[in-house]
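Chemist: Sequence:
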Amino acid sequence: MDTLSYKTISANKATADKQWVLVDAEGQALGRLASKVAKLLRGKHKPNFTPHVDCGDNVIVINAEKISLSGNKWNAKTYIRHTGYPGGQRSLTATELFGKDPARVVEKSVKGMLPKNKLGAQLFRNLNVVVGTSHKHDAQKPAVINLEEFK
417 MDTLSYKTIS ANKATADKQW VLVDAEGQAL GRLASKVAKL LRGKHKPNFT
467 PHVDCGDNVI VINAEKISLS GNKWNAKTYI RHTGYPGGQR SLTATELFGK
517 DPARVVEKSV KGMLPKNKLG AQLFRNLNVV VGTSHKHDAQ KPAVINLEEF
567 K
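If you want my numbering, it's the 1-based position in the sequence shown plus 416.
Treat the hints as calculated values from the structure; they're not laboratory data. Note that the structure is a prediction, hence the values are computed from the model and not measured. Hints are supplied without guarantee of correctness; some may be wrong.
[What the hints assert, rightly or not] DEER-style ranges, computed between Cβ atoms:
1) Pro531 <-> Arg497: 17 to 27 angstroms
2) Trp490 <-> Met529: 14 to 24 angstroms
3) Gln505 <-> Lys423: 49 to 59 angstroms
4) Pro502 <-> Lys557: 47 to 57 angstroms
5) Lys552 <-> Ile425: 31 to 41 angstroms
[To be verified] Listed below are the simulated BS3-like cross-link pairs for lysine-lysine, each with C-alpha atoms no more than 25 angstroms apart in a straight line:
6) Lys557 <-> Lys434
7) Lys552 <-> Lys423
8) Lys482 <-> Lys423
All C-beta atoms in this analysis are idealised placements derived from N, C-alpha and C, irrespective of residue type, glycine included.
Given these sequences and hints, build the entire structure.
Modeler: Spelled out as structure tokens, the structure:
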């Protein structure tokens, strides 16, 4: 029989084509930015995407202090955590968390869009969020990605 045979290619750690990309968060809405960064981290934009493998890119997000939130989210959005002790629930508004560290607002948003398992923890380590434009990954020569053109 003379037919074409197409084999499904499954990426693994050795065959994953990991790149370094740079994303500018200036003027971006937090949720839209986070969903696109999560897609880059996961590798869903690549033709060899494999759900159980870290085949995504290493992402550097700059200008984390210049994100925007719509509506009343600066005051209404709360970040809740628990100390582990009885009555230990603590909460911060987006304004309070942003005042402490603007990078943590972006990190928490992206982490919430990644899988809740070991793979998600591994993918989260590929994210670097910095306040300002200077970052320590110049040696990796990251490619600049425009999120308006990225789907």
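Chemist: Each hint needs a verdict: does it hold in this structure or not?
Modeler: Cross-check of the supplied hints:
1. Pro531 <-> Arg497: 17 to 27 angstroms: Check passed, 20 angstroms falls within 17 to 27 angstroms.
2. Trp490 <-> Met529: 14 to 24 angstroms: 20 angstroms, holds
3. Gln505 <-> Lys423: 49 to 59 angstroms: 52 angstroms, holds
4. Pro502 <-> Lys557: 47 to 57 angstroms: 51 angstroms, holds
5. Lys552 <-> Ile425: 31 to 41 angstroms: 34 angstroms, holds
6. Lys557 <-> Lys434: Holds - the C-alpha atoms of Lys434 and Lys557 are around 13 angstroms apart, at most 25 angstroms.
7. Lys552 <-> Lys423: 40 angstroms, violated
8. Lys482 <-> Lys423: The hint is violated at about 45 angstroms.
In this structure, the hints that do not hold are numbers 7, 8, in rising order.
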